[in-house]
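Undergrad: Required output: the full structure, derived from the provided sequences and hints.
If you read the protein sequences in the order shown, they are chains Y and F. Take 1 as the starting number for the first sequence in the numbering used here and just add one per residue. Take 1 as the starting number for the second sequence in the numbering used here and just add one per residue.
Think of the hints as simulated: they come from the structure by calculation, not from any bench. One or more of the hints may lead you astray.
[Stated by the list, open to error] What follows is a set of in silico ranges between Cβ atoms, one per label pair, in the way DEER data are often shown: (1) F:147 <-> Y:100: 29 to 35 Å; (2) F:154 <-> Y:54: 19 to 25 Å; (3) Y:52 <-> F:158: 14 to 20 Å; (4) F:173 <-> Y:55: 38 to 44 Å; (5) F:159 <-> Y:93: 48 to 54 Å; (6) Y:54 <-> F:174: 40 to 46 Å; (7) Y:52 <-> F:33: 31 to 37 Å; (8) Y:55 <-> F:16: 24 to 30 Å; (9) F:118 <-> Y:99: 31 to 37 Å; (10) F:142 <-> Y:66: 18 to 24 Å; (11) F:16 <-> Y:99: 47 to 53 Å; (12) Y:101 <-> F:127: 27 to 33 Å.
Backbone N, C-alpha and C fix where the C-beta goes; we use that ideal spot for every residue, glycine too.
Here are the chains, one letter per residue:
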Amino acid sequence: MHVVYPLVVSALLFSIGVYGVLARRNTILVLMSVELMLNAVNLNLVVFDVWLRDRLHSGQVLTLFVIVIAAAEVGLGLAIVLALYRNRQTIDLDRLRSLSEPTDPGATNPGPVDPGPDGSRPTAPGSADPAGAALPGEAGAHSPPRTRHPEQAPAEIRNLPRGHARAATRTRRSRSPAGSETDARPGDAS
Amino acid sequence: MTEAPSYLSPTGQEIVFLLLGAVAVGSALLTVTTRQLVHAALWLVVCFGALAGCYLVLTAEFVAWVQVLIYVGAIVVLLLFGIMLTRAPIGRSADLDSSNRPAAVIVAIATAAVLVTVVVDGFRMAYVPLEPGGGSAGELGAAIFRNWVLPFEVLSVLLLAALIGAIVLSRTDIRGRE
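TA: And the structure:
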């Protein structure tokens with residue numbers, strides 16, 4: 001067999017994985033794209049092992065190791081995604097901007113105006129938002145919204161009500177904030 | 001290694017491999033472009049199955065079965081559980097692609113172009129006559145337990161650490177010190 005065929009298949013799979021990592025918004029879909037990239041690497045390893053007739057079989061053994069590491073990675077990644085969903089009610093990568101650099105104040109000031117059509121949510125975010133209640137550190141940042149963190153507070157207010165409104169629009173999800181809140185309460189108390 | 005036969009007279013192995021590779025690439029494309037989350041996971045199953053077939057054609061039998069067992073059997077099930085537990089919408093959802101999709105298309109096409117041209121240019125003359133038995137369970141087991149024992153054991157420790165980490169992360173009643 002020509003070695004070029006598997007290598008080209010592997011290169012195409014890798015670029016498809018790159019596209020998925022960059023273009024997808026859902027975190028689980030990004031994890032799937034990472035799996036595609038790992039599989040491209042595995043195919044390369046197997047082909048070079050067969051081509052070079054390695055006495056130690058290092059290519060295929062390394063393929064097995066990569067598969068095991070991918071399993072560990074997916075397990076940990078899904079645990080992180082679930083913790084994220086429990087705290088934020090969303091796993092969309094575009095909306096998880098708590099650690100992003102604060103942009104210039106002229107751009108962040110219209111932030112609280114942005115979710116205005118949702119109702120009066122920005123005026124009392126700390127009391128009603130389940131995400132704010134699940135994170136005690138953020139609840140402290142919410143109750144005095146403007147005084148303590150003048151450049152962080154608009155970003156938080158802008159993020160949370162949108163996720164909350166999105167959870168309320170889906171009928172299947174409408175049960176979720178109350179349920180997760182009651183789940184999180186005993187954990188906070190203990 | 002040996003002199004390569006012409007590309008115009010493919011052997012049966014090459015034809016089977018190319019068909020499986022086309023299935024793998026096509027289902028991978030559908031995985032990253034479909035509008036339904038559950039369908040993405042199911043297309044991923046097709047892609048991994050086709051890749052296991054590719055490993056079989058390349059005489060790596062043990063890797064093929066491990067691929068079926070772990071990727072198709074475990075990882076996709078884990079991903080489906082993740083989709084279920086995050087209450088993802090069943091059916092078509094419009095917001096699965098982020099706003100930087102054109103940039104992603106450009107980067108992916110550039111990556112594919114660079115990789116394919118380099119690989120084709122570098123390995124045009126490489127040819128491997130396939131002989132069965134090179135990747136059987138006996139051969140691989142002897143290789144692992146003779147030459148790769150230490151990485152194997154380290155990997156088992158890593159799996160244990162990942163397991164404990166996943167448990168700690170997903171339980172809500174374990175808190176750090178206040």
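Undergrad: Each hint should be assessed against the structure and marked as holding or not.
TA: Tested hints:
no.: 1; hint: F:147 <-> Y:100: 29 to 35 Å; verdict: 46 Å, violated
no.: 2; hint: F:154 <-> Y:54: 19 to 25 Å; verdict: 21 Å, holds
no.: 3; hint: Y:52 <-> F:158: 14 to 20 Å; verdict: 27 Å, violated
no.: 4; hint: F:173 <-> Y:55: 38 to 44 Å; verdict: 52 Å, violated
no.: 5; hint: F:159 <-> Y:93: 48 to 54 Å; verdict: 27 Å, violated
no.: 6; hint: Y:54 <-> F:174: 40 to 46 Å; verdict: 44 Å, holds
no.: 7; hint: Y:52 <-> F:33: 31 to 37 Å; verdict: 35 Å, holds
no.: 8; hint: Y:55 <-> F:16: 24 to 30 Å; verdict: 28 Å, holds
no.: 9; hint: F:118 <-> Y:99: 31 to 37 Å; verdict: 36 Å, holds
no.: 10; hint: F:142 <-> Y:66: 18 to 24 Å; verdict: 20 Å, holds
no.: 11; hint: F:16 <-> Y:99: 47 to 53 Å; verdict: 48 Å, holds
no.: 12; hint: Y:101 <-> F:127: 27 to 33 Å; verdict: 52 Å, violated
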